Amino acid sequence: MSNLAGRLLRIRVGVAAALLALAAVAPAASAYNQLIPPGGFNAIDECEGTTASPCIRWAKTASNLSINVDVYLHSSLTSQEVNLKTIALDSMGKYNAIAARNPHLQQTTSTSNEEIYVSAVSFGNPRGYGSTEFSFGAVNRIVYANIKMNTQIEWNTSYDYPCRAIPVAPHEICQADAHKVMSHEFGHAEGLAHEALSVTAIMVQGEPASEYHAVKTDDKNGIIHIYGAYP
Amino acid sequence: MSVLRSVTAMLRGLAFGLALLVILAVVAALYVSSPSHSPIQPGAAATPPSASSAPVSATVELSGAEPAEPPVGECLRHVKVVDAAPSTIEGMTSISTGVFIGRISEVGPTRWRTTGEKTPSEQQEISVDNVMRLVRVAVEEVAAGAADGTMVFWIPGGTIGCHTFETAGFPLDLKTGDEFGFFIDANQAPLKGVTAARVHEMWPVQGDTVVTPEQGDVSIAEFAAEAEAAEVLSP
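The listed protein sequences derive, respectively, from chains A and B. Take the first sequence: its letters are residues 1 to 231, numbered as in our numbering. Take the second sequence: its letters are residues 1 to 235, numbered as in our numbering.
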């Protein structure tokens, strides 16, 4: 155990040092990424900056905030370590608060008209935290999104624990900050892709959780770029 | 006379009881011998087909029921982004029952991975998670766990009608002869009655190197050595 703790400490110190060094040489850039139609070996690529086109986004955009995208929050979200349903509603609020013409995320209690479906399911292994699946047509406009949170993760609201091994004891269970992951998934659902480690954004993958509860300026710029600023 | 009547009544009761016991014993014997009613121990979890109970057979039929298209109006692409821990050789090995280098020898048609392979009726079920292909793979070099000869695995995604279902790391256009480093889990069958291990990830092999998502290009020897040093799951 002491060996493991020491190793983890050394890994954390090493990662922190590497990040500090990276931050020193690479100033944060506003390089929000959008999703583009998949191609090649990897299903999702990224189109960086503002020039790549076309990117995937919702067809629904609003000149005012009256156009909604209905979000269904499945009951499985309330049976986890923390109430993921509450956290999903909180995440939706973050994107609704952006001064852009992105669709207003609105909760629905019916599965007959939902456009985003959010649930907690087993991924079959503890390495995946969350996922977002899009359905889109020929013009790359999203018509449906499906967000899933892995029930094999022990969810909390303040920290991540390295998820490197199959859980065999309580201290080795993969743990993750639900606020961070949920907001990250809703970022995907809005049309944002992963962001570089050098950038401060909710769309950075695998960063320390506590600093990434909020939707950051880079994320907001991405949403505004996709949908336009709210007049 | 009353004594005689009492004895007779007792004998009748005894005969009735014995007959009842015989009937119960016969019913119990039939129940236990039935394959669909094997007794379940308290606390025991139901287990899916696994490599240990049902070997991943090279003779598995790759095709199934003819899949019907999703009941939605337009042709759609369904693409999944997964946020996960970094895919290192050690980390992937820890969630796998087998790690090996193999070459695809046959790719089956896309099938619904739903009960009875029925087309989902709910929108949220029209997902890459419910679509799969079976592939036959010739094992070339075992790095960790159990793998041998030619085996059949299932991978997510595929094409049904004008709908495509994709997730990162699983090419839509798999070809016979393609070579990969496979991480498989024999504890996760795709469907009831279909014996095939799940492929967690498959990394392309180019020449003598494996193209890894996190560790760059590594030689097959290095790939095998790192996987061998890690601990695999029990099938």
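Don't take every hint at face value.
Claimed, not checked - Reference excerpt, derived from the structure (chain A facing chain B, CB under 10 Å, subset only):
| # | residue |
| --- | --- |
| 1 | Y72 |
| 2 | E114 |
| 3 | G124 |
| 4 | S131 |
| 5 | Y159 |
| 6 | H188 |
Said to hold, decoys possible - Coverage of chain A stretches by chain B, computed from C-beta distances (three or more under 8 Å per stretch; other residues unrestricted):
| # | stretch |
| --- | --- |
| 7 | 135 to 145 |
| 8 | 174 to 186 |
Hints in this document: simulated from the structure, not taken from any laboratory. Only a predicted model underlies this, so the values are computations on that prediction, with no experimental measurement involved. Glycine is no exception: its CB is placed at the ideal position from the N, C-alpha and C atoms.
Hint check results:
1. Of the supplied interface hints, the one on A:Y72 holds, with its beta-carbon coming within about 8 Å of a beta-carbon of chain B, less than 10 Å.
2. Because the beta carbon of A:E114 sits about 7 Å from the nearest beta carbon in chain B, less than 10 Å, this interface hint is met.
3. The interface hint given for A:G124 is met, as the beta carbon of that residue sits about 6 Å from the closest beta carbon of chain B, less than 10 Å.
4. Taken as an interface hint, A:S131 checks out: its beta carbon lies about 4 Å from the nearest beta carbon of chain B, inside 10 Å.
5. Nearest Cβ of chain B to the Cβ of A:Y159: about 15 Å, over the 10 Å cut. The hint is violated.
6. The beta carbon of A:H188 comes within 5 Å of a beta carbon in chain B, closer than 10 Å, and the hint placing it at the interface holds.
7. Residue count for the stretch 135 to 145 of chain A with a Cβ under 8 Å from a Cβ of chain B: 6. That meets the three needed, and the coverage hint holds.
8. Requiring three or more residues with a Cβ within less than 8 Å of a Cβ of chain B, the coverage given for the stretch 174 to 186 of chain A holds, as 4 such residues are present.
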